[in-house]
Amino acid sequence: MKRATHIVLFFGTIILIWWLAVASGRWSPVILPSPASVADYLWSSTLDGSLLDATVVTVRRLLVGYLIGVAIGLPVGLIASRSQLIEDTVGSLALGFQTLPSVCWVPLALIWFGQTETAMLFVVIMGTVWSVIIATDHGARSIPPIFSRAARTMGSEGFHQWTRVILPASLPFLVSGMKQGWAFAWRSLMAAEIYVTILTGFGLGHLLHYGRELNAMEQVIGVMLVIVVIGLAADRVLFSPWERFLHRRWGTNLQQS
Amino acid sequence: MMRLPLVPARPQPPAQPRSRSRAAKLVVEGITKWYRTGAANVHALDDISLEIGNGEFVCLVGASGCGKSTLLDIMAGLTKADAGRVLADGEPVVRPGRQRLVMFQEPALFPWLTAFGNVMFGLKLRDDLSNRERREIAWEHLALVGLDEFAYANIHELSGGMKQRVALARVLAPDPQVLLMDEPFAALDAMTRDQLYGDIQRIWSESGKTIVFVTHDVREAVCLGDRVVLMSPRPGHIGREFKISLPRPRDINSPALAELAAQTAAALKEAGAASR
Numbered sequence: 001m002k003r004a005t006h007i008v009l010f011f012g013t014i015i016l017i018w019w020l021a022v023a024s025g026r027w028s029p030v031i032l033p034s035p036a037s038v039a040d041y042l043w044s045s046t047l048d049g050s051l052l053d054a055t056v057v058t059v060r061r062l063l064v065g066y067l068i069g070v071a072i073g074l075p076v077g078l079i080a081s082r083s084q085l086i087e088d089t090v091g092s093l094a095l096g097f098q099t100l101p102s103v104c105w106v107p108l109a110l111i112w113f114g115q116t117e118t119a120m121l122f123v124v125i126m127g128t129v130w131s132v133i134i135a136t137d138h139g140a141r142s143i144p145p146i147f148s149r150a151a152r153t154m155g156s157e158g159f160h161q162w163t164r165v166i167l168p169a170s171l172p173f174l175v176s177g178m179k180q181g182w183a184f185a186w187r188s189l190m191a192a193e194i195y196v197t198i199l200t201g202f203g204l205g206h207l208l209h210y211g212r213e214l215n216a217m218e219q220v221i222g223v224m225l226v227i228v229v230i231g232l233a234a235d236r237v238l239f240s241p242w243e244r245f246l247h248r249r250w251g252t253n254l255q256q257s
Numbered sequence: 001m002m003r004l005p006l007v008p009a010r011p012q013p014p015a016q017p018r019s020r021s022r023a024a025k026l027v028v029e030g031i032t033k034w035y036r037t038g039a040a041n042v043h044a045l046d047d048i049s050l051e052i053g054n055g056e057f058v059c060l061v062g063a064s065g066c067g068k069s070t071l072l073d074i075m076a077g078l079t080k081a082d083a084g085r086v087l088a089d090g091e092p093v094v095r096p097g098r099q100r101l102v103m104f105q106e107p108a109l110f111p112w113l114t115a116f117g118n119v120m121f122g123l124k125l126r127d128d129l130s131n132r133e134r135r136e137i138a139w140e141h142l143a144l145v146g147l148d149e150f151a152y153a154n155i156h157e158l159s160g161g162m163k164q165r166v167a168l169a170r171v172l173a174p175d176p177q178v179l180l181m182d183e184p185f186a187a188l189d190a191m192t193r194d195q196l197y198g199d200i201q202r203i204w205s206e207s208g209k210t211i212v213f214v215t216h217d218v219r220e221a222v223c224l225g226d227r228v229v230l231m232s233p234r235p236g237h238i239g240r241e242f243k244i245s246l247p248r249p250r251d252i253n254s255p256a257l258a259e260l261a262a263q264t265a266a267a268l269k270e271a272g273a274a275s276r
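Quick note, the sequences are listed as chains R and S, same order.
With the numbering used here applied, the first sequence covers 1 to 257.
With the numbering used here applied, the second sequence covers 1 to 276.
Please keep in mind that the hints were generated in silico from the structure rather than gathered at the bench.
There are no misleading hints in this set.
Stretch-level coverage of chain S by chain R, calculated; a stretch enters the list once three of its residues show a Cβ under 8 Å from a Cβ in chain R:
#, region
1, 101-110
2, 116-125
3, 154-164
All C-beta atoms in this analysis are idealised placements derived from N, C-alpha and C, irrespective of residue type, glycine included.
Can you make the complete structure from the sequences, with help from the hints?
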């Protein structure tokens with residue numbers, strides 16, 4: 001309860017400072033909108049459905065692209081951890097592309113796929129897949145070999161060993177890899193949406209972009225808040241349960257807030 | 001809960017005509033092993049031959065680096081020898097087999113499973129059991145090592161001794177004929193170890209399993225083994241053997257055992273000095 005009070009006090013203070021800055025009248029509302037006008041934008045755009053529609057479009061792109069990225073990245077990373085050939089080839093490719101900021105894929109995606117959903121998905125997948133491969137690969141390499149040895153003596157081989165030993169043993173690393181992949185997917189999608197107009201769907205990035213074009217700062221800040229909330233919610237819904245399970249089972253007591 | 005006998009009756013392998021009174025369970029024939037690490041070649045094992053009878057408790061004793069763990073790995077089928085072979089029930093060992101389970105110095109329990117899940121791991125790989133039978137056997141063995149109350153505990157919540165007990169239950173549950181133990185109690189405190197000496201002797205005499213137990217502790221070997229085989233390093237080879245005929249259950253702190261251990265340790269020291 002005490003912690004909750006601290007949190008409320010902290011954010012209350014920020015909003016109060018914001019409101020005082022607006023009330024001082026030093027900045028025009030075009031530069032610094034008041035908290036009330038941002039709230040008003042959020043309320044009215046929720047009512048007319050434009051915010052919700054954009055959120056649905058963006059989250060759908062994000063989820064589909066992310067899931068494809070993970071579905072490719074996890075197995076490739078696991079295989080790379082066990083095969084020197086794959087590690088030397090696909091592994092070094094992944095290492096190289098992981099350093100490439102994913103917004104750099106946007107020009108290529110536009111030329112290959114045009115202003116389409118496919119281009120958006122492509123950017124998200126490219127943002128996700130390499131970091132998932134790297135994290136999974138490193139994770140699976142750091143599994144103590146004793147687990148495999150013990151499993152082998154009990155008759156666990158091949159597919160059974162992959163699914164019952166290597167996969168669960170690397171779970172902590174997989175989750176952190178997937179979390180990292182999620183962060184990259186989210187960033188690359190926002191960059192792509194702000195950068196490119198897609199006719200088939202109007203996402204949060206576009207709302208942000210047009211907020212700037214229309215000098216509607218309350219829209220820009222409102223959409224930014226929505227983006228933050230989606231990021232936090234994803235962390236809570238997608239990853240926190242896993243992390244809690246891992247901390248309980250493995251006994252790694254990283255205190256989660 | 002239905003109680004299952006610890007050792008289901010199984011057809012005995014046909015008796016081999018051998019000089020020993022008991023049929024040999026494990027035969028090690030001329031095992032030689034080199035480790036090639038960069039520039040240095042280490043001659044780990046040199047032409048090791050050994051016979052282990054059915055139901056025998058044999059302790060391999062030697063200083064660290066004498067190749068005893070390597071020899072155990074080769075018996076388990078986890079490591080390949082450069083020359084020679086290991087026969088289990090007359091069949092050459094080429095890979096790990098369910099009839100020869102290994103207990104390692106570290107518990108090697110799977111942290112993603114509970115204690116119960118760990119004991120179930122090997123049982124789930126036995127196709128001849130129904131799920132109900134598997135669960136019953138797992139409970140049975142957790143009770144055998146005195147941990148049925150901790151069945152659903154996470155591994156990190158158990159003490160070192162409890163972890164090794166779970167590991168013991170895990171290797172016993174699938175009912176292997178041979179247990180290969182690689183200094184399983186070395187990392188435990190003395191009191192826990194003394195308890196486990198009692199447990200392992202009781203389990204061995206009730207189940208009639210063949211046990212090969214590797215240790216660097218002569219006293220431990222004399223306490224547990226029917227036969228203590230000394231190994232010497234550089235390259236690893238077999239030295240003298242001692243038959244231990246003290247009555248069981250043996251107490252590691254008894255004076256008779258201490259005296260015998262002292263004699264054995266002296267022989268080990270001699271052999272170590274001779275190989276230098």
